[in-house]
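> Listed below, chain by chain, are the residues.
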Amino acid sequence: MTQTAFPPPPTRLSARGPAQARIRRASSRGRPGWSAFVVLVAVLVAAPVLGVLIDAGTGQAPDLPRNVGDMVLTTLLLMGGVGLGTLVLGVGLAWLVTAHTFPLRNVLVWLLVLPLAMPAYILGFVFLSTLDAAGPVQSAVRGVVGDGFAFSLATLPGCVVVMSLTLYPYVYLMARAAFVEQAPTTYDAARTLGAGRARAFFRVLLPLARPSVAAGLALVMMEVLTDFATVQYFNVQTVSVGVYLVWKGSFDFASAAQLASLVMLFAVAVLAGERLMRGRSRFTQKGGRGSGLRPAPLTGARAWLATGVCLLALGASFFVPVLRLGAWAVERAASDRPSALGGQFGEAFVNSVVVAVIASLTCVTLALVMGHALRLGGGRSIRAAAQLTTFGYAVPGAVIGIGTLLTFAWADRTLEAVGVPGGTGLLVTGSVLGILYAYAVRFLGPAYQAVDAAYASVPTTITQSALSLGAGPVRLLGRVHAPLVRSGVAVALVLVAIDAIKELPLVLLLRPFGFTTVSVSVYQLAKENLWDQAALPALVIVALAMVPVFLLFRQVRHGDRGSRP
Amino acid sequence: MRKPALLVSGLAMATLVTASGCSAFGSDEPADLQVYSARHYGAEEVFAQFTEDTGITVDFLAGDDAELLQRIRAEGEESPADVYMTVDAGNLWAAADQGVLAAVDSPVLDEAVPKQYRDSQDRWFGLVMRARTVIYNPDNVDPSELDTEDTYAGLADPTWDGRLCMRGTTGVYTASLVASLIDLHGREKALEIVEGWVANDVRIESNDVLLIDAVDAGTCDVALVNHYYLARELEERPDLDVELMWASQDGAGTHVNVSGAGVVESSDNPEDAQALMEWLATDGQDDLVAGNQEFPVNADVPAEDIASGFGDFDPMPIDAEAYGSLNAEAIDLLAEAGYQ
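Chains A and B, in that order, give the protein sequences.
Residue 202 in our numbering is what sits at position 202 of the first sequence, and the numbering runs on without skipping anything.
If you count the second sequence from 1, you need to add 1000 to reach our numbering.
Treat the hints as calculated values from the structure; they're not laboratory data.
One should not assume that every hint holds.
Unchecked claim - Derived DEER-like restraints, expressed as beta-carbon distance ranges:
(1) A:Gly326 to B:Gly1099: 47 to 53 Å
(2) A:Ala269 to B:Ala1299: 55 to 61 Å
(3) A:Ala269 to B:Ala1048: 33 to 39 Å
(4) A:Ala36 to B:Gly1171: 44 to 50 Å
(5) A:Ala411 to B:Asp1105: 33 to 39 Å
(6) B:Asp1110 to A:Gly146: 56 to 62 Å
Stated by the list, open to error - Each computed DMTMM-like pair below joins lysine to aspartate or glutamate, with the alpha-carbon atoms no more than 20 Å apart:
(7) B:Lys1189 to B:Asp1250
(8) B:Lys1115 to B:Asp1105
(9) A:Lys527 to B:Glu1044
(10) A:Lys527 to B:Glu1045
(11) B:Lys1189 to B:Asp1150
(12) A:Lys527 to B:Asp1250
(13) B:Lys1189 to B:Glu1329
(14) A:Lys527 to B:Asp1064
(15) A:Lys527 to B:Glu1235
(16) A:Lys527 to B:Glu1236
Each residue gets a CB set at the ideal place from its N, CA and C atoms; glycine is no exception.
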């Protein structure tokens, strides 16, 4: 399935000549150790997904919901709409803040990532309770214009708007990393040759950033595919909603798994589309970093317009929900009832942080080494194996959770059969290790997408030069590849850390007795509609997710300063 | 090279914290009973009270219904779970149907839990009850407009065109209501009713509190909600412009569903598990409903003030097993009627 789905590997050796030809022969054989590593990671990550597929085979005769056609159509429309929305917002805002200076720009540049910090099930509720027909905003409008005014936000277009507003940071982060890291010299050249700013952007910069933008869009698509909370609030029935309907309706996971396989087909299409969008040609940066993209100062009305646009995007996607949550939290604090932050909260907080740190370091290290291994060669099948590791991101979290349970159960039974009493011991008690494994399965996708996109901009000639100068693979990784893809690594760390902090279904399903995270405590209050109590811990999640974002941008700023004399 | 140093120290810290964290749960003696519970609200207090009354200690793992059931099944014989608690009769039926729950022979439970709220083979027992009924905005609705004989079917009448709000199909509530309509009227009539709702341009909200807000704001005239959501909102906001009416009181009665529990087949401590179930159905009923306005199934135990303030009502006398066995059909029917 995966073999044919992917176009040829993007890292082709473009240089010609006898010396390079020898290297090419050497590298197409690959290095067995590194290739084996990629295959091992792929097998481990694919196991739960395969577990689900095998379980789907044991289900009753395919009993798809009767409106599955509508669900597919809705999913396509939603993906198209959100894809377009995040593309415009993400690339537009990244360009605005990278290439210009205007009031508040230095703060806005990292604030714009924050909508990512808000768990979807919180956003869905907050948006609707605030902005829908019965909410305070429309009620206030009715107070002015009379009773007739009411429009429903819970529609497909409403969902497209809200999801675009909250998912654009994926594209924004990736596009910005590409603009900062890759663009300067080429952009300078285009400008020197007489291209205007807009022309240089559309004809030179945007094509250069294409692999990164495509990787960001692929992540957005997968989020849309696996989202269950937002779509449910907006009453949009996607295929993922169908998975839950079948599961909860027939109480039969195997039947639901059949529909989940359909979600995975969408994911294959998304990844194939991403490869197409990257195009056949490879853009890699030539030469040094140049003088850097010098931001043009905007002045007067245009400057304030730029600030206004950023604030508007942020206001709609971040400040509105935060203010609403803040209002609930204050309401709760003003009452004499106990705060939700008591009891187990401290422990939950520590667990959230620890799990996010370990998960992000693990996923990003694996992604970095896999990208490196692909650079050393190994051909199509190894590249396909690496791509397989991103599939976990395209499967609804709860399905991955069950897949993990099935995998552990199988491993335990196998080990017991060969005489190891108790097997791995992972399944029965539930374990933090099990949660971390499931996190790796789910979040290797974003890590690999971000790191791989950064590798795409490293010229293959650099890899070849280092190898022909006698550097071993480990030294090549440490001294050449890792420093060159560091912007991708930083983005990957932030993406996985934030995703891990807000991740819910995996922890809920796999945790051992007594283990809880902030995200789980918020969910349990929210499920009971105790929003005044859920508000404060929800704000804690947002604050926690701000930490990696802040660190990323501090590091980027230091990097900028360091590279300029 | 500041970055590797940062990375290494981060890793070291993470390992340290995990190690200390692991030992924190690892060193605890496991409790006498392990409960997998989809009920989370107030569960700590309930189990603490049980331990105080009986000396039996309880660990509980909160999660979602179907996921917890799947976890027990994957864990198989080795599952630590002794008791499975859910918020929906359908899930209890499914757990029993899939062989996860053991029959419990208990005169105490038979006495405390009315027959219609427990499994015919005593593999699960309802513990608290909720009603799904009509709320309306008194400014826009004269209660005489509502059909008192079959209120749910009455909402399919064209009088309610554009005035009706309900919950989507993804939650369990609408599906179990429609399952009860299928059980009561047969599939054809149930389909007709749901098609009537759709013809009335029913607006779908994904959350009962949003439904209550909509009725209060007057953007909806009538809605179907669980009684306890209204009771809890009234506790916070006593001046809500929302009234509750018990549905179908001159007919089959108001739709109810139960939240309940069963003893897991593979439990290695079924005696204590049974003791917990018996306690929950008798002495523990007050604790179970404390602060959440549900109705105790045990007729000897009164509900909380606001919930009992809604007045007595006749529940629809249907076999709770129908919710489970007809659930898939209900979801299919909703799709056929174009309800979304």
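> Decide, hint by hint, whether the structure agrees.
Structure-based check of each hint:
1. Checking the proposed 47 to 53 Å range against glycine 326 (chain A) and glycine 1099 (chain B) shows it holds: the Cβ atoms sit about 49 Å from each other.
2. Between alanine 269 (chain A) and alanine 1299 (chain B) the Cβ separation comes to about 57 Å, which falls inside the hinted range of 55 to 61 Å.
3. Hint check: alanine 269 (chain A) to alanine 1048 (chain B), Cβ distance near 52 Å, so the stated range 33 to 39 Å is violated.
4. The given range of 44 to 50 Å is respected by alanine 36 (chain A) and glycine 1171 (chain B), whose C-beta atoms sit roughly 47 Å from each other.
5. As the Cβ distance of alanine 411 (chain A) to aspartate 1105 (chain B) is approximately 38 Å, the hint placing it in 33 to 39 Å holds.
6. Distance hint check: the CB atoms of aspartate 1110 (chain B) and glycine 146 (chain A) are about 60 Å apart, consistent with the given range 56 to 62 Å.
7. Of the pairs offered as hints, the one joining lysine 1189 (chain B) and aspartate 1250 (chain B) holds, with about 19 Å between alpha carbons and a cut-off of 20 Å not exceeded.
8. With a C-alpha separation of about 14 Å, the suggested pairing of lysine 1115 (chain B) with aspartate 1105 (chain B) holds against the 20 Å cut-off.
9. With a CA separation close to 17 Å, the supplied pair lysine 527 (chain A) and glutamate 1044 (chain B) stays within the 20 Å bound.
10. Among the hinted pairs, lysine 527 (chain A) with glutamate 1045 (chain B) is consistent with the structure: their alpha-carbon atoms are about 18 Å apart, no more than 20 Å.
11. Simply put, lysine 1189 (chain B) and aspartate 1150 (chain B) have alpha-carbon atoms about 12 Å apart, close enough for the 20 Å limit, and the pair holds.
12. Of the supplied pair hints, the one linking lysine 527 (chain A) and aspartate 1250 (chain B) is violated, its CA atoms being roughly 34 Å apart against a limit of 20 Å.
13. Taking the CA atoms of lysine 1189 (chain B) and glutamate 1329 (chain B), the gap is near 14 Å; set against the 20 Å cutoff, the hint holds.
14. For a cut-off of 20 Å, the pair hint linking lysine 527 (chain A) to aspartate 1064 (chain B) stands: about 10 Å separates their Cα positions.
15. The suggested pairing of lysine 527 (chain A) with glutamate 1235 (chain B) holds, with an alpha-carbon distance near 18 Å, which does not exceed 20 Å.
16. Using a Cα cut-off of 20 Å, the hinted pair lysine 527 (chain A) and glutamate 1236 (chain B) holds, with the two alpha carbons roughly 17 Å apart.
Consistency note: the structure conflicts with the earlier hints numbered 3, 12.
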